[in-house]
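*Asks:* Work out the full structure: start from the sequences and follow the hints.
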Amino acid sequence: MSGQGTATAPPDVLTGGETGRRAGPARRRRPRPPTRDSGWWALMLLLPAAAGLAVFEIWPTFQTIYYSFTSWGAFGGHAWSGLENYRTLIADSDVFHAIVNTAIITAITLLAVPLSAVVAALLSLPGMRGVTIYRTLYFLPVVTLPAAVALTWKWLFNGDYGLINWLLSKIGIDGPHWLSDPATAIFAISIVGVWGSIGYNMVIFLSGIRGIPVDYYEAAELDGAGRLAQFFHVTVPLLTPSIFFVTVITVINSLQAFDLIYLMVGQQSPAIERTETLVYLFYQRGFAEHDGGYAAAIGVLLLIATLILTAAQFRLQKRWVHYG
Amino acid sequence: MKRLLSLLLVPLLLAAAACSGSSESGGDSDEQVTLTYAIWDQAQAAAMKQIIQEFHAQHPNIDVQVQVTPWESYWTKLQTSVTAGSGPDVFWMTMVYAQYYAIGGGIAALDDQVKKSKLDTSVYVPAVTKAYTVDGKLYGIPKDVNGFGLCYNKKLFDAAGVKHPDASWKWTDVIAAAQKLTNKQKGVYGFVAPEADELSWYLTVPQVGGQVISPDGKRSGYDQDATIQGIQFWTDMITKYHVSPTLQQTTDTDPLAMLTSGKVAMRYCGSWEPEEIAAVPYGKANIGIAPLPAGPTGKREYYSNGLADSISAKTKHPEQAWQFLQFLGSEKAAEIQAKTGTVIPAYQGHADAYAKAMPEFDLQVFVDHLKYAQPFPASTDTSVWRDEVTKQFAEAWTGKAPVGDVSKSVAEMMNTALSKEKK
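If you read the protein sequences in the order shown, they are chains A and B.
Residues in the first sequence are numbered from -2 upward in steps of one, following my numbering.
Residues in the second sequence are numbered from 415 upward in steps of one, following my numbering.
Keep in mind the hints are simulated off the structure, nothing from the lab.
Quick caveat, the model's predicted, so the values are computed rather than measured.
Backbone N, C-alpha and C fix where the C-beta goes; we use that ideal spot for every residue, glycine too.
Don't take each hint at face value.
Claimed, not checked - Stretch by stretch, here's where chain A covers chain B in the computed footprint (C-beta under 8 Å, at least three residues):
#1 510 to 524
#2 557 to 563
#3 786 to 799
#4 802 to 810
Said to hold, decoys possible - Listed next, the stretches of chain A that the computed footprint assigns to chain B, with coverage defined by at least 3 CB atoms under 8 Å from CB atoms of chain B:
#5 99 to 105
#6 152 to 164
#7 259 to 271
#8 279 to 292
*Replies:* Dropping the structure here:
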């Protein structure tokens, strides 16, 4: 959802695969061995990015951890309050809701991973026409302003005048008020999340598929494997490094879901309790209710959750990701 | 190169012109000063700029820059910038945040200046002045005040053969008319009952003697029977009489748009809304405005929000900011605002210009309502409980739980929040 634009693919997915197919490992030029000064240069070149990271990402993270043990004054000043914020956090039923909602959104958004793999595979079929058009169409949501996306979907989902319910009424279904009905809102939001992330995932999968040597497909065909069998036994196993990467990014982004909830549901909606995520709650407590210390504690909770989930994924990857 | 040089010269020339300007005027201070004035409503920016022009003519050494930030980010930005000391010098304040800013030290008390300049504060609507008086000190010069009325669709009333609303209307008249006007086949509802405190139960709770918060701001009033009765007026429209769209519908589609598209026949309206209604041709042609129906016993009190202009506690130019504030609170400024038809000035006796601003509507209705205004429910940190109240009442609006039960648990939540506030 948010922050997709800033994520970068691991080098082995985008470049390693390419060279593997085009030139073949035998013809690859050997990199020059590092010399003594190159370490200096590397340091110099890394410095600006590292400085930015330290000032805007790493330092604030530590500040947030510190602030989570403080209580804030209205206009500046904070006082040490020990574990007070965390005690409130454990007893806050809104936090519990937010964790459940965040988990549901993350789980549904993960559907985008297999979906985009299929889309990418279809677009890579030999003889497929209009690939560029489709690729652009699927990628458009990624480069569209989240606010514009949210507003458009809000109209589509409108219970009385929305296009979706109008289409449903044509086949005799009385559609719900998607975004304001507590039972459906979280699914409506997640659908937009899935729709929005297919484009980004697809691009990574497309380059991953290109990295698969054609020989494998030829061999599979000789053995009598059809398109479907090829997809499951050649494409998917060789795509697992990309799938792993995309899954990690999708989980991290979904845990940070905020913009769609803020823009499409909002504080006044009866569905907010069933859609608010941890980041939404962080915003509400920190900025609407001026409780910066408590918001920081929510931020720390999210940080820990993200760390655990990502570490678990790296642990588990050994069982299913095939490199090369 | 020549162009670049001349560009460099411009500021120098301007500075020179400014210096000569201030020496001629000989005001309280010869220093040339630029103040920043933060507001959130783009619709009022033109009026504000006109006020600044008039002010600048009288005080050539004080420039004022208007800074418009949309409501959604106004308060986040203001709090951060005031904390950092880089905030605007003068800004709009609402009753909801007045105590928070006053007690937290974000805005300056004005009593000394008021006394020194012999400013008469009795000219403003008393409910507004009262809301900006915290611990006996005044923290803002009242800017405007909200009145309310009953907006109705003349065409739908005529088609259903229902008499147009008038000053004699009470709750029962609204219900009876709404029942006659509701036509489910055509998708028309007689009334719309949104769950929006300011535009719904803040108007009816005082009409039955209920209260949202005790006058000392220490206890919630949501557990009082009268308060519950005032809220039930709204939920009954949906769950008992079925004459209003549901909460889901009013969340998906703006209730004002429902009114101006002929989907609902009646809606409670605020004095800032006629401009929006007139912007829709159907609304301009078919909507009428009647006095807000009175409570069952004829009571007409209501909670009114009203804005004030306040000075940042951290301004570097308190003298000049006060001069500007005085002008904002002047008769002249009130007149300029009123003529736009967007707001009723808090300066009493200047509502006429507002009432005449849009001849297609009877805006006088809003002005007549002002005498029943009560200060908006607020405590030191209103936003902590206000959003939560709305969130919890959704259960009552959707008919999942009785209003009385929800209201009592709302009161508990609110009392807990109030007990944690710094007084």
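*Asks:* For the region 279 to 292 of chain A, count the residues whose Cβ lies under 8 Å from any Cβ of chain B; is that count three or more?
*Replies:* holds (count 6)
*Asks:* Examine the region 557 to 563 of chain B: at least three residues should have C-beta closer than 8 Å to a C-beta of chain A.
*Replies:* Violated - the region 557 to 563 of chain B has 0 residues with a Cβ nearer than 8 Å to chain A, which falls short of three.
*Asks:* Tell me if chain B covers the region 152 to 164 of chain A under the three-residue, 8 Å CB rule, please?
*Replies:* holds (count 6)
*Asks:* According to a criterion of three or more residues whose C-beta lies within less than 8 Å of a C-beta of chain A, is the region 786 to 799 of chain B covered?
*Replies:* holds (count 3)
*Asks:* Given that the region 99 to 105 of chain A was listed as covered by chain B, double-check it with a C-beta distance under 8 Å for 3 or more residues.
*Replies:* violated (count 0)
*Asks:* Please verify the coverage claim for the region 802 to 810 of chain B: does it have three or more residues whose C-beta sits within 8 Å of some C-beta in chain A?
*Replies:* holds (count 3)
*Asks:* Do three or more residues of the region 259 to 271 of chain A come closer than 8 Å to chain B, measuring C-beta to C-beta?
*Replies:* holds (count 7)
*Asks:* Mind taking a look at whether chain A covers the region 510 to 524 of chain B? Criterion is 3 or more residues with CB to CB distance under 8 Å.
*Replies:* holds (count 6)
Hint violations for this structure: numbers 2 and 5, all remaining hints satisfied.
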